[in-house]
Structures are given as structure tokens and as C-alpha cells.
Amino acid sequence: MLLGQLRGDLGRRLGIFFRPISSHSFHRSSTSVKTFATAMVKGIVVHQTGGPEVMKWEDVKVEAPKEGEIRVKNKAIGLNFIDVYFRSGIYESALPLIPGKEAVGVVTEVGHGLTGMQVGDVVAYVVGSKPIGCYIEEQVLPASIAVRVPPSIDPTTAASVMLKGMTAQFLLRRCFKVEPGHIVLIHAAAGGVGSLLSQWANALGATVIGTVSTEEKAAQAVEDGCHHVINYTKEDFVAIVDKITAGKGVNVVYDSVGKDTFKGSLACLMIRGYMVAFGQSSGLPDPILLSDLAPKSLFLTRPVLFGYNTTREELLECAGEVFANVESGILKVRTNHIYPLSEAAKAHGDLQARKTSGSVVLLP
Numbered sequence: 028m029l030l031g032q033l034r035g036d037l038g039r040r041l042g043i044f045f046r047p048i049s050s051h052s053f054h055r056s057s058t059s060v061k062t063f064a065t066a067m068v069k070g071i072v073v074h075q076t077g078g079p080e081v082m083k084w085e086d087v088k089v090e091a092p093k094e095g096e097i098r099v100k101n102k103a104i105g106l107n108f109i110d111v112y113f114r115s116g117i118y119e120s121a122l123p124l125i126p127g128k129e130a131v132g133v134v135t136e137v138g139h140g141l142t143g144m145q146v147g148d149v150v151a152y153v154v155g156s157k158p159i160g161c162y163i164e165e166q167v168l169p170a171s172i173a174v175r176v177p178p179s180i181d182p183t184t185a186a187s188v189m190l191k192g193m194t195a196q197f198l199l200r201r202c203f204k205v206e207p208g209h210i211v212l213i214h215a216a217a218g219g220v221g222s223l224l225s226q227w228a229n230a231l232g233a234t235v236i237g238t239v240s241t242e243e244k245a246a247q248a249v250e251d252g253c254h255h256v257i258n259y260t261k262e263d264f265v266a267i268v269d270k271i272t273a274g275k276g277v278n279v280v281y282d283s284v285g286k287d288t289f290k291g292s293l294a295c296l297m298i299r300g301y302m303v304a305f306g307q308s309s310g311l312p313d314p315i316l317l318s319d320l321a322p323k324s325l326f327l328t329r330p331v332l333f334g335y336n337t338t339r340e341e342l343l344e345c346a347g348e349v350f351a352n353v354e355s356g357i358l359k360v361r362t363n364h365i366y367p368l369s370e371a372a373k374a375h376g377d378l379q380a381r382k383t384s385g386s387v388v389l390l391p
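The numbers in my numbering rise by one with no breaks, and the one at position 219 of the sequence shown is 246.
Since the hints were derived computationally from the structure, they do not count as laboratory data. Fair warning: this is a prediction, and the values are worked out from it, not measured in the lab. Hints are supplied without guarantee of correctness; some may be wrong.
Cut-off 30 Å, straight-line C-alpha distance, at most; resulting in silico cross-link-like pairs (DSSO-like, lysine-lysine) [as the list claims (entries may be wrong)]:
| hint | residue 1 | residue 2 |
| --- | --- | --- |
| 1 | Lys373 | Lys359 |
| 2 | Lys290 | Lys382 |
| 3 | Lys204 | Lys286 |
| 4 | Lys286 | Lys270 |
| 5 | Lys382 | Lys261 |
| 6 | Lys323 | Lys261 |
| 7 | Lys270 | Lys323 |
| 8 | Lys100 | Lys359 |
| 9 | Lys69 | Lys93 |
| 10 | Lys286 | Lys373 |
| 11 | Lys359 | Lys261 |
| 12 | Lys373 | Lys261 |
| 13 | Lys359 | Lys382 |
| 14 | Lys323 | Lys290 |
| 15 | Lys204 | Lys359 |
| 16 | Lys204 | Lys290 |
| 17 | Lys83 | Lys100 |
| 18 | Lys88 | Lys100 |
| 19 | Lys261 | Lys290 |
| 20 | Lys382 | Lys83 |
| 21 | Lys373 | Lys100 |
| 22 | Lys275 | Lys323 |
| 23 | Lys275 | Lys290 |
| 24 | Lys102 | Lys382 |
| 25 | Lys93 | Lys83 |
| 26 | Lys323 | Lys286 |
| 27 | Lys359 | Lys102 |
| 28 | Lys286 | Lys382 |
| 29 | Lys286 | Lys88 |
| 30 | Lys102 | Lys88 |
| 31 | Lys261 | Lys275 |
| 32 | Lys83 | Lys373 |
| 33 | Lys83 | Lys69 |
| 34 | Lys290 | Lys69 |
Here are the computed distance ranges between Cβ atoms for each label pair [as the list claims (entries may be wrong)]:
| hint | residue 1 | residue 2 | range |
| --- | --- | --- | --- |
| 35 | Asp181 | Ser309 | 26 to 36 Å |
| 36 | Lys204 | Ala64 | 47 to 57 Å |
| 37 | Ala321 | Gly274 | 14 to 24 Å |
| 38 | Phe333 | Ile298 | 25 to 35 Å |
| 39 | Ile298 | Gly140 | 53 to 63 Å |
| 40 | Asp313 | Gly77 | 16 to 26 Å |
Using N, Cα and C, we set each Cβ at its ideal position, and we do this for glycine too.
Please take these sequences and the hints and turn them into a complete structure.
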């Protein structure tokens, strides 16, 4: 679905998603607002980085929201591989740390004078690099990072698709703009982001090649729109891509695996192809020389979502397109695994062991 179309009928129907919101949109009011007292809630806390076992289920103090903030009672929390990076120390963060980047919940309190949102709103949000993440029963956050969820999308689905869907959106629509006729290679095609990338790229008219690690995941990748599926644990994906493309190569590789696939991914690219390295689930890739890109004039980028959603307007457009594609059926959200929030350590272990497919959600 084209962004211009989204700004049409659907945009008018769901105006909150596409109406540009400036710093004045959450304007102040002189009306006093009742505030709640500080409360103790449960959350997952990391005091030292390491394996899944470092995550502890503890009491956490939550303050009342200040001006410009809202308090949200989380209903569903999305699990993402970036949570593993922070928990394990691959990405640095202040400690103690509450992991988690995305959640969906109900607004229970608004800061003084905030009129852009109200108690009872169901919102989805993605947090930045603050040490207080989403693995918590209740959260206080800036209203500017929250997006209302359409009534037709339940909290579990929204938590499954918010961060992953926005990642797919910026990768396919802005980082490298996929168009009809393109050939794309998607690693971990049955994963949370990979599943959405495969469906969306197919809808955009591309030929989709996906790699997976099991036969079960291969079947899912086919359902998600992959025209060719490669089990990279049994087959040489470079050789098979070369055969599929008759030696031409692919326009773009979306690689979230990293070390195990990076050099092979470069080999799969056509002349002036794009290598989009957006994760490293198998570890950081080995360094390469800049001159290694020269023979085929390749492009290499390591993008992150927050570099593409730098304004409120970009956030609303990105999330709006994701939710619209879910409502229209372009994107089928696979919430294949649900764990209690208190069992986040088990969920992390299963994710790292590649026992999961699709999206994983934690329920407080």
C-alpha cells in the first residue's frame, strides 16, 4: 500500500495517525489534573549483563507522570532481538536496566495540562535508550512517543507488530525502496521482522528469496510470500541464489543474522546492489576492507529505526502505514509464542536457541 494512498481515505478515517503533530499538539491547559501517588509494580530488572538468567522479577517504583508524560498500564510487550543485545551487553546501557523496546497498554494517567491524550486510550510505543524499558507492568513515558492503536487491532497483535512492523517499513520503503521487479534476499525470513519483510516485499511486487533454519520455518516463509526458500543449515545459500538469479544476483539483501551470513550476503548482490545489515543475531560480522565493495560498486548500510523516525511526523506516518497494512490484510501478524512477563528469561533463551518463529509477546 502506497503512503500516498494511506494519506487519503484511510488517513481521514484514522486521522490521529497521519495528522502532523507538532510540539503544540500536546498543548497545555490550565485545568488541574488529578495525579496518582508513586506505586510499586513488578518488572524485569537486569543488574549485570549476561545470559537470560540475569533477568530478575522484582518490585519497581513508578512515579506519577510529569508535564508532557503519560502513565500506561501495559497489556502486551513485544520481545525483540535488540532486547538480547542490551541484556547481554552487546549494546551498552546504564545499569540497573529494565529491558524492552515496545509495548501496548492503556493510559491510566496524564501529566498536568496534557490534552493530546486521555485516560482510557490504548497506545503503542517504542522507547529509546533509557534504562527503563517495557518489561514492566506500568510505565511512565513521554506522550510524544505514543501512538493510538486502531480499535480493530488487539493489544497482543499491536505489540507483535509495532517495532517489527516499523522496522520493516523503513527498511523496505525508505532505506532501500523496493519496487516491482526487484529481487530481494531476506535472512531469517520466518522471524518476527523477516516474516513482515517477506509479506510486504511480496506485496510491493518483488521476487522474494528467504533463508530459514528449519523445514517448519520454510513452510511458514512460503506462506508469508517467499517465492524461493533456502534452508541455510543444509544448503549453500550463495550458490542457490546464484542459480535462482542466473548469475545476476539480487538488488538488496536484508541481513539481521550478521556474522554467519554477512560475507555470503555480499557475494549474492548484483552490480550496485545494497547490503542492508540491520542486526547481528549470530554475532558481529568480521571486518571487511572498504575496497572489498569496489568490484561491484556495492552499497553497505547499518541502519536503525530511530535514525528514520526522528520526528513525531515520521513516527505517525511509519506506524500508520504499518497499522493500515495490518487492517487491510497485507500484513498477517504471527504471534506464535506468548509467555508471562515473569518468564522473560525463558522467552529470551528460546529466542536465542532459534526455537521461536514469528513474533514473541510477553503478558504482564
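Hints not upheld, ascending by number = 29, 34
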